[in-house]
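Enquirer: Take these sequences, add in the hints, and give me the full structure.
Order-wise, the sequence lines are chains S and U. Residue 93 in our numbering sits at position 93 of the first sequence; the count goes up by one each step and never skips. Residue 15 in our numbering sits at position 15 of the second sequence; the count goes up by one each step and never skips.
Please note that the accuracy of each hint is not assured.
Claimed, not checked - Distance condition first, Cα-Cα at most 30 Å in a straight line; then the derived DSSO-like pairs of lysine-lysine:
1. S:K18 x S:K142
2. S:K95 x U:K347
3. S:K199 x U:K290
4. S:K94 x S:K142
5. S:K172 x S:K146
6. S:K181 x S:K240
7. S:K128 x U:K252
8. U:K142 x S:K95
9. U:K290 x U:K36
10. S:K117 x U:K258
11. U:K347 x U:K290
12. S:K206 x U:K138
13. S:K199 x U:K138
14. U:K250 x S:K184
15. S:K206 x U:K328
16. U:K252 x S:K95
17. S:K240 x U:K328
18. S:K172 x S:K95
19. U:K258 x U:K60
20. U:K347 x S:K199
21. S:K117 x U:K49
22. S:K142 x S:K181
23. U:K442 x S:K95
24. S:K117 x S:K6
25. U:K442 x S:K240
26. S:K94 x U:K258
27. U:K347 x S:K172
28. U:K138 x S:K181
29. U:K347 x S:K206
30. U:K33 x U:K60
31. U:K252 x S:K94
32. S:K38 x S:K206
33. U:K60 x U:K36
34. S:K117 x U:K138
35. S:K128 x S:K117
36. U:K142 x S:K199
No lab work stands behind these hints, which were simulated from the structure alone.
Each chain, written out:
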Amino acid sequence: MAEELKVPTMAELFAAGKSPEVLFWVGCAGSFDDRAKKITKAFVQLLTKANVSFAVLGTEESCTGDPAKRAGNEFLFQMQAMTNIEVMNAYEIKKIVTACPHCFNTIKNEYPGLGGKFEVVHHTQFLKQLFEEGRISLEGGKFKGKRITYHDPCYLGRANNIFEAPRELIRKLDAELVEMKSCKQRGLCCGAGGAQMFKEPEEGVKDVNIERTEQAMEVEPEIIAAACPFCNTMMTDGVKNKEKEDSVAVMDIAELIASAENL
Amino acid sequence: MMEYLPNIIFAFVLVVGIGYFARNMNRLRRNIKLGKDVDVSDNTGARWKNMARIALGQTKMVVRPIAGILHVIVYVGFIVINIEVLEIIIDGLLGTHRIFGSLGVLYDVLIASFEVLALLVIISVSAFWVRRNIIRLKRFIKPEMKGWPKQDGNMILYIELVLMILFLTMNAADYQLQQLDAAHYTKAGAFPISQIIAPIFEGLSISSLIVVERIAWWLHIVGILFFLNYLYYSKHLHILLAFPNTYYGKVKPQGQFKNLDAVTEEVKLMLDPSADPFAAPAEDAAEPEKFGASDVTDLNWVQLLNAYTCTECGRCTDECPANQTGKKLSPRKIMMDTRDRLEEVGKNLEANKGKFVDDNNQLLDNYITREELWACTTCNACVQACPVSIDPLSIIMDMRQYLVMEQSAAPTDLNNMMGNVENNGAPWPFNQMDRLNWANEK
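Expert: The following block contains the structure:
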């Protein structure tokens with residue numbers, strides 16, 4: 001990494017009487033998970049490169065409550081939601097971008113009913129928009145002709161009908177986008193949603209992420225592109241399980257673009 | 001008097017058939033209304049559109065083209081042949097024969113198209129039977145498809161097959177009678193398919209032909225009335241309920257789960273610094289609501305309607321990642337269990353003069369196990385796959401809420417995760433104060 005990351009917090013900007021264009025909601029995975037932190041950094045680099053004025057909540061951010069809600073703990077979810085909403089409303093936040101489809105879905109769809117009305121975009125949508133506005137562009141063909149398959153995160157795709165933005169970004173890489181047999185509306189879960197990330201799976205013949213990785217391997221990709229930190233972990237584990245980590249990389253779309261830009 | 005006997009018998013059969021059907025529809029209505037109320041008065045435009053697109057237009061059926069096209073044929077056949085049924089009813093009541101015959105060429109076209117459809121339905125139904133019994137598609141032989149569900153699936157196909165054969169036999173005999181200028185058998189209609197069968201009856205006398213024609217006619221209409229009454233006991237109820245079910249289906253993004261209002265009130269109180277945590281509840285305070293669902297009466301009526309609408313096609317289960325990887329969860333079973341339990345509750349009410357008597361049974365544990373509930377990844381694949389807008393996920397979620405909020409019975413790992421969220425603001429045991437550390441890490 002060439003430069004130090006500059007990551008302003010809402011508190012700093014607020015103290016200086018400034019408000020950013022967009023709040024970058026990092027999420028728990030993006031903050032704490034070693035693999036996901038790389039995605040977070042790649043996205044920050046892209047924001048910086050595109051001169052987007054952004055800020056994070058930093059220590060004022062807390063879990064959106066998604067895993068609690070989907071585990072059935074509506075109490076805990078609403079406690080988290082209302083606390084987060086209070087913080088964001090205090091900063092008069094209007095627009096949020098996040099690299100986590102779970103945070104995205106929860107803030108976009110479930111927070112409004114609890115008093116948190118924000119414009120929420122997923123980082124793939126945001127990046128697509130930055131391209132359209134000419135704020136970032138891609139040169140050089142680092143990924144030219146590479147076979148990339150894209151795994152639709154349930155909470156981005158089926159849950160919110162966002163199928164095209166991530167695919168469009170992959171096409172911008174000049175890569176060969178190959179689809180798995182289950183994709184888009186019929187995409188197969190990575191196995192992590194609904195709080196499954198945090199528990200052992202029920203007994204079966206195999207784990208969901210293995211099944212999904214097998215589907216990915218069928219199309220012989222060089223890269224499995226993900227757009228969710230949880231999917232990323234699950235697919236990475238799957239690739240390791242198949243002992244293919246030397247030939248198949250699992251990368252977030254933000255990482256692909258940052259890498260193509262040599263950031 | 002004797003000459004009106006057939007008309008009287010016909011009217012009697014019709015009234016009994018429709019009357020029993022009406023009685024069952026009332027039962028159905030009563031059972032569905034055992035569910036909690038839910039406001040579905042929003043988005044009427046989108047709802048009508050969903051009904052037109054999904055139920056009427058069969059858009060989700062054709063996602064799987066083979067079953068989809070076969071189904072569209074049977075569906076169109078069913079709808080169009082109803083015009084014929086209307087004629088049969090009028091003829092039966094009035095003692096007329098082919099009363100619409102005066103429509104001339106239009107009638108010829110109608111009868112001819114019914115015949116072609118009848119043949120196509122026979123072919124489709126046979127293909128369906130082969131898929132179920134010879135090819136044995138995976139989704140038709142899952143554990144929940146043993147016994148009655150399997151029989152029911154085949155039964156429907158047999159009835160449809162027999163009804164179509166009777167229809168064509170009736171027409172074939174009629175065609176012969178028309179050729180022989182039999183009295184009462186007006187020359188009307190075109191018979192492209194039954195003409196092919198007609199030679200079987202070559203050489204039969206007029207009176208024998210009339211016997212054949214009348215037997216086929218009577219069995220056909222009685223069969224239809226039987227089928228109508230079979231619906232309530234069958235997965236085939238979808239032919240009626242698919243329409244309201246798609247209308248009342250979810251119109252919000254699939255990822256949006258409802259926020260429980262009762263919880264919102266309590267959380268607001270908890271977060272309100274000026275609220276007195278030791279205050280006694282107000283005298284007139286309602287009894288605290290039960291969180292989540294452990295039995296069918298805790299579900300809302302749309303979820304119960306969902307259960308009756310399910311035709312056990314298993315597309316949900318086929319797409320379910322948990323089921324695909326050999327776990328016990330099957331979204332179809334969730335719906336079948338809900339219906340079975342609801343039927344049980346309904347019968348309990350009937351046996352006890354409208355009052356439910358505790359039967360030491362409930363949906364949770366007695367029908368749906370915790371293992372099934374915890375295997376769900378909430379991915380919405382089942383919801384997406386359902387051709388008639390059923391939402392098995394909503395039932396799974398309501399039952400998880402019961403397990404967690406009423407029974408504190410989450411798996412240990414999830415309890416740890418929830419403890420972390422509560423104490424650290426993250427599902428992992430990291431300090432919230434370290435949340436920005438990544439920015440300074442190389």
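Enquirer: All the hints need checking, so say for each whether the structure fits it.
Expert: Going down the list of hints, with the structure as the test:
1. S:K18 x S:K142: Outside the cut-off at roughly 38 Å; violated.
2. S:K95 x U:K347: violated (54 Å)
3. S:K199 x U:K290: Judged against 30 Å, a Cα distance of about 26 Å means the pair holds.
4. S:K94 x S:K142: With Cα atoms ~36 Å apart, K94 (chain S) and K142 (chain S) exceed 30 Å; violated.
5. S:K172 x S:K146: holds (12 Å)
6. S:K181 x S:K240: holds (21 Å)
7. S:K128 x U:K252: holds (25 Å)
8. U:K142 x S:K95: violated (47 Å)
9. U:K290 x U:K36: Given pair K290 (chain U), K36 (chain U) holds - Cα atoms ~12 Å apart, limit 30 Å.
10. S:K117 x U:K258: holds (16 Å)
11. U:K347 x U:K290: holds (24 Å)
12. S:K206 x U:K138: This hinted pair holds, its Cα atoms lying about 18 Å apart.
13. S:K199 x U:K138: Satisfied, since the Cα-Cα distance of roughly 29 Å is no more than 30 Å.
14. U:K250 x S:K184: holds (19 Å)
15. S:K206 x U:K328: Holds, at about 12 Å.
16. U:K252 x S:K95: Within the cut-off at roughly 21 Å; holds.
17. S:K240 x U:K328: holds (26 Å)
18. S:K172 x S:K95: holds (25 Å)
19. U:K258 x U:K60: Given that 30 Å is the threshold and the Cα spacing comes to 25 Å, the pair holds.
20. U:K347 x S:K199: Not satisfied, since the Cα-Cα distance of roughly 39 Å exceeds 30 Å.
21. S:K117 x U:K49: Distance of about 27 Å is within 30 Å: holds.
22. S:K142 x S:K181: Distance of about 27 Å is within 30 Å: holds.
23. U:K442 x S:K95: It holds: about 29 Å lies between the C-alpha atoms, which stays within 30 Å.
24. S:K117 x S:K6: holds (28 Å)
25. U:K442 x S:K240: holds (25 Å)
26. S:K94 x U:K258: holds (23 Å)
27. U:K347 x S:K172: At roughly 62 Å apart (the allowed maximum being 30 Å), K172 (chain S) and K347 (chain U) break the hint.
28. U:K138 x S:K181: holds (18 Å)
29. U:K347 x S:K206: violated (41 Å)
30. U:K33 x U:K60: Within the cut-off at roughly 28 Å; holds.
31. U:K252 x S:K94: Distance of about 22 Å is within 30 Å: holds.
32. S:K38 x S:K206: With Cα atoms ~29 Å apart, K38 (chain S) and K206 (chain S) stay inside 30 Å; holds.
33. U:K60 x U:K36: holds (28 Å)
34. S:K117 x U:K138: The hint is violated at about 45 Å.
35. S:K128 x S:K117: Roughly 23 Å between the alpha carbons, so the hint for K128 (chain S) and K117 (chain S) holds.
36. U:K142 x S:K199: holds (26 Å)
The earlier numbered hints that this structure contradicts are 1, 2, 4, 8, 20, 27, 29 and 34.
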